[in-house]
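J.: These protein sequence lines are chains W and L, in that order.
Counting in our numbering, the first sequence runs from 1 upward without gaps.
Counting in our numbering, the second sequence runs from 1001 upward without gaps.
Since the hints were made in silico from the structure, they are not lab data.
Hints are supplied without guarantee of correctness; some may be wrong.
[Claimed, not checked] Away from chain W, derived, C-beta distances all over 10 Å, residues of chain L:
id, residue
1, P1038
2, H1074
3, M1080
4, M1173
5, T1218
6, V1252
7, P1302
8, Q1318
[Unchecked claim] Below, in silico cross-link-like pairs of lysine to any residue (SDA-like), each with a Cα-Cα straight-line distance of 20 Å or less:
id, chain 1, residue 1, chain 2, residue 2
9, L, K1028, L, V1154
10, W, K154, L, G1133
11, W, K172, L, P1077
12, W, K172, L, M1103
[What the hints assert, rightly or not] Covered by chain L, per the in silico footprint, the following chain W stretches (three or more residues, Cβ under 8 Å):
id, segment
13, 155-161
14, 169-180
Bear in mind that the values here come from a model prediction, so they are computed numbers and not experimental data.
In this text, a Cβ means the ideal position worked out from N, Cα and C, and glycines have one as well.
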Amino acid sequence: MRRLPGPIILSGGLVMVFLYFPILVLMGLSLNASTMGVAWKGFSLQWYAKLLGNPAMIEAAVNSLIIAFTSTSLSLLLGIGTAIRLEQQQSRHTSWMMAIIVLPLVIPEILLGVALLMLFVLCQIPLGFGSMIIGHMVFNLPLTVVILRARLRKMDPAWEEAARDLGATPWKVLTCITLPMLRPAIWGAALLSFTVSLDDFVVTFFVAGPGATTLPLKVFSMIKTGITPEVNALSAILVVVSMCCVGLSWIVHQRANAQSSTPSSS
Amino acid sequence: MNATVVLEHVTKAHGQMVAVNDVSLSMKSGEFFSILGPSGSGKTTILRMIAGLDVPDSGTIMIQQRVVNADPPHVRPVNMVFQHYALFPHMNVFDNIAFGLRMRPEAGRNIRQAVERMVALVRLDGKSQRFPGQLSGGEQQRVALARALVNRPVVVLLDEPLAALDQQLRQEMQGELKRLQQEVNATFICVTHQQDEALTLSDRIAVMHAGTLLQVGTPQEVYDQPASSTVARFIGLSNSLSGTMTRLENNVCWIEHEAFPTLMARYPSGAAAHGPVTVMVRPERLHISLDVPDKGYDNTLPAVVHHIMFHGNEMAYQFRLRNEAVWTARVPIGETRRAQLAIGQAVYLQWAVHEGLALVP
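Next comes chain W alone, as it looks inside the complex (with noise of 0.2 Å):
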């Protein structure tokens, strides 16, 4: 391999010290034996510890996974057939529907969070899981349809084409080729979804109900009476979990891009 310059280098650096600094004295200060401030007193996972412990923190977890998951599936399930449609029915009002479809995505978040707390009280629809799930929706369901339409756009249309040739309904397409040949931007869509609902703070913020605390918001309220070791390790779990699902999409992504690149695609 080539070496790189030093200023590259040294740039490079600089920037991985910037973004990932932080963060690593976080989850050091995590695994600090003190219990306040920041002076080192030992390493301790007493923390940890205390958090499993604590029964609300347990709930947090669980609503943080349940609205994730189901913003997650559902999120696919439309935008699996919003994605296949965009593709099938190309004609010059494709580009304005997915400027339109992607549009939540760069729309400030707190903008989002506050009309959807206006629309689900004016029709009245009670803040809890269901509002959140909507909320999260509203985010994930862009992210899905633009990872599987990227995916669509790769694949050569003589797949499809062979097999209703081959004697195949509209259905088994479907099922036999376009469905198995996105399966791995469905596993990338999903955990990016599922990490972005897990994180997502804004927009939870303002659509969350009574009794439905995710993790997000835990961390919030529990800010507000000073940051202790515990928020340390709490924030370490959600960054470490979040990290491992992007590092997962990642590869997934990487095996489709293998896959796509065979000969037989060319």
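We have chain W; now place chain L onto it with these hints.
T.: Same frame as chain W, now just chain L:
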């Protein structure tokens, strides 16, 4: 009449471009039919319309005396071998070949037998557990053929079946295709832009250009009696000279050109006489005489040697005529010994009446 596939006045446009313009064709049962034409001539569109992947704008398509215009691809008794094979990358060879049978409820439990017979027929024994990405180009081609043939289609459609293979493999697969066609006894419709491929494989050839059908006939007919100069050029008639027809007798015409003596050539079309025509002569039919024109040839053109190319079994000579046109002659190596040519040398190109063709441009 035992026509398997019949196209009647079929027209298809892609947006502004007319891909297929009022084409009528009929393919007989059990024949190897080639559609020959340059890329963009509409030949693939015809194939896709027979398969049902494209729908004609007007005209009718019949398969086994039934109009199939409205039938979706999955109910038509035809199967296609795609240009890049379109093998399913997530299935192994066995599953790829079995795909068509599994889509049919009546296939039942004989699938394994049928697939294994096909694997043997295309000589892929021992490779049925491989995935398409692990196969060579030739092997992928065989899988694509097997995947189509296993369904016992009435018609097999081949879209440039040999284009993705290298020269040597192409020769081998040509023989293979012919053998398979005789074995399964189905109608093969093959689209290609390679004239030698079409001439070797086909029972009949349709020549297309810019969406229009130019000529249909046996390879012999298309080769010897091209209907127009476009067809002639496409099947290797490269030497041409435009002139004016002045006389026509018993399918032989006299052509005048300001720079040359009167030429005589066959005029097979029998259509409107007198007016502009193009004289065409195959490179392998030209006789070269050195100092004085040989007697016994009806046509003589003075020319100058322009370029000499050695092709192993033959020599190719390029000549420049007085009107700056370039003609080519091919001479088997054994016959060149007595005539050593040098660049710049003046010679005479000669040919008999029946070796030249006069065609309406």
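J.: Determine for every hint whether it applies to the structure shown.
T.: The hints, checked one at a time:
1. P1038: holds (22 Å)
2. H1074: Non-interface label on H1074/L violated, nearest chain W Cβ at 5 Å vs cutoff 10 Å.
3. M1080: violated (5 Å)
4. M1173: At roughly 17 Å from the nearest Cβ of chain W, M1173/L sits farther out than 10 Å, so the non-interface label holds.
5. T1218: Answer for T1218/L: holds, closest chain W Cβ roughly 29 Å.
6. V1252: Holds, because the least Cβ-Cβ distance between V1252/L and chain W comes to about 50 Å, which exceeds 10 Å.
7. P1302: holds (51 Å)
8. Q1318: holds (37 Å)
9. K1028/L <-> V1154/L: holds (11 Å)
10. K154/W <-> G1133/L: This hinted pair holds, its Cα atoms lying about 17 Å apart.
11. K172/W <-> P1077/L: holds (18 Å)
12. K172/W <-> M1103/L: Holds, because 8 Å separates the two Cα atoms, which is no more than 20 Å.
13. 155-161: holds (count 4)
14. 169-180: holds (count 5)
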